[in-house]
Amino acid sequence: MILLRKFYYGDYGESKNGAADISSDNSSSGVVTEWPLWEVFIRSKQGLDHKHAGSLHAADAAMAIENARDVYTRRMEGVSIWVVESKHIHASNPDDADALYDPANDKAYRHPTFYNLPDAVKHM
Amino acid sequence: MEKNLETVFQDKVDQEIKIEPKDWMPEKYRQTLIRQISQHAHSEIVGMLPEGNWITRAPSLRRKAILIAKVQDEAGHGLYLYSAAETLGISRDEMYDQLHTGKAKYSSIFNYPTLTWADIGAIGWLVDGAAILNQIPLCRTSFGPYARAMVRVCKEESFHQRQGFELLLTLSKGTEAQKQMCQDAIDRWWWPSLMMFGPNDDASPHTAQSMKWKIKRFSNDELRQKFIDMIAEQVKVLNMRLPDANLKWNEERKHYDFGKINWEEFWQVVGGNGPCNKQRLDARKKAWADGAWVREAATAYAKKKASLNPSKGGTSETV
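Which chain is which? The protein sequence lines are A and B, in order. Taken in order, the first sequence gives residues -16 to 107; the numbers are from the numbering used here. Taken in order, the second sequence gives residues 318 to 636; the numbers are from the numbering used here.
Mixed in with the good hints there might be a few duds.
[To be verified] Straight-line C-alpha distance at most 27 Å; calculated DSS-like pairs for lysine-lysine:
1) Lys345/B to Lys420/B
2) Lys34/A to Lys420/B
3) Lys90/A to Lys595/B
4) Lys34/A to Lys339/B
5) Lys329/B to Lys34/A
6) Lys496/B to Lys553/B
7) Lys90/A to Lys105/A
8) Lys472/B to Lys28/A
9) Lys529/B to Lys543/B
It is worth saying that the hints were derived from the structure and are not from the lab.
Let the hints inform the model, and build the full structure from the sequences given.
In structure tokens, the structure reads:
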């Protein structure tokens, strides 16, 4: 049975076994020789947000950007690339989704359509 | 409790809510996906070999540029898929290891040789055509990372099929020798393409469960029939024929009837006895072994750079 020492994008590292680490220097056995995993974010057009495109392995940031260029922008999908090592990404726990996001459900008054105004009111 | 989680999971799947890597999922679902996605990734990677064979001998610069772009896409598709599989908790090296030791399979079609230039056309038209039919429903598969990878794959795949058909169309209007070469390639690739959809439904034990989990949307036989109906019409445009004496339109079924598939051959090739199984695997293993020094050197370089500039983790630019 191989013990997976690897955590993934979407992991919430510290609360469990410490931050995700997939780089070779922390492997006690020396078995893990994989290049670290990186998450790739692409800006498709000037003025838009960078959006998560996928992930890849690379030895360092420069190589991650070069590889991201080849893997994710072969058809003019982007004008800018961000890469971040997957171990640095922390995410909310899906088990907490109810507690985190449900309370917003009954607050319709946060939306403009909640308010009934006379038709006479213009430009509002 | 376990039962409860399983019900929640199945409810989500039934409501078409995507499953994400950190969501609870049945262990069998995870294993099935790892098997399927990694096989798919291996197929893309091994699939580069039969076509790579013709890059240096493409008949024109235009054809060469197209073929290079197509093979590069396949490398990309393999990488998208490996990444999707990794979110399920298997490492890239483990997957490579499974491929190299023969524990994991890849699509049997790539164990057939590419004997002539027309084979490149037949692969695009038939092999990629069959792959696309399999892949389009996978864009809606229940596992989020797999579905997202497949959307990207499908976007890129349609040029693969069209260039193949165009290649054959050119040959079909050429000299007598070119026409013969075109027909010969179709003759050799037709039956293996039909086998790509997998065994008949009654011999495909995983289908029912995969359908319930919405990993699969259509059965092997449904997709195969769809493919045959499509190709039987397209082949007329080429003025060629499909090598099946029993291929006939069935007015009642509104489908083409077709002859018996040689499943004995299929299982032989799956079992490692196809014309090129050994050659393909040897090529992959050699590429992996020959690249070892590059992987080691890059790691050493990254480590050295990071130690010189620890605050930036070796990165040259900040955002």
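Results of checking the hints against the structure:
{"no.": "1", "hint": "Lys345/B to Lys420/B", "verdict": "18 Å, holds"}
{"no.": "2", "hint": "Lys34/A to Lys420/B", "verdict": "36 Å, violated"}
{"no.": "3", "hint": "Lys90/A to Lys595/B", "verdict": "64 Å, violated"}
{"no.": "4", "hint": "Lys34/A to Lys339/B", "verdict": "20 Å, holds"}
{"no.": "5", "hint": "Lys329/B to Lys34/A", "verdict": "25 Å, holds"}
{"no.": "6", "hint": "Lys496/B to Lys553/B", "verdict": "14 Å, holds"}
{"no.": "7", "hint": "Lys90/A to Lys105/A", "verdict": "25 Å, holds"}
{"no.": "8", "hint": "Lys472/B to Lys28/A", "verdict": "19 Å, holds"}
{"no.": "9", "hint": "Lys529/B to Lys543/B", "verdict": "22 Å, holds"}
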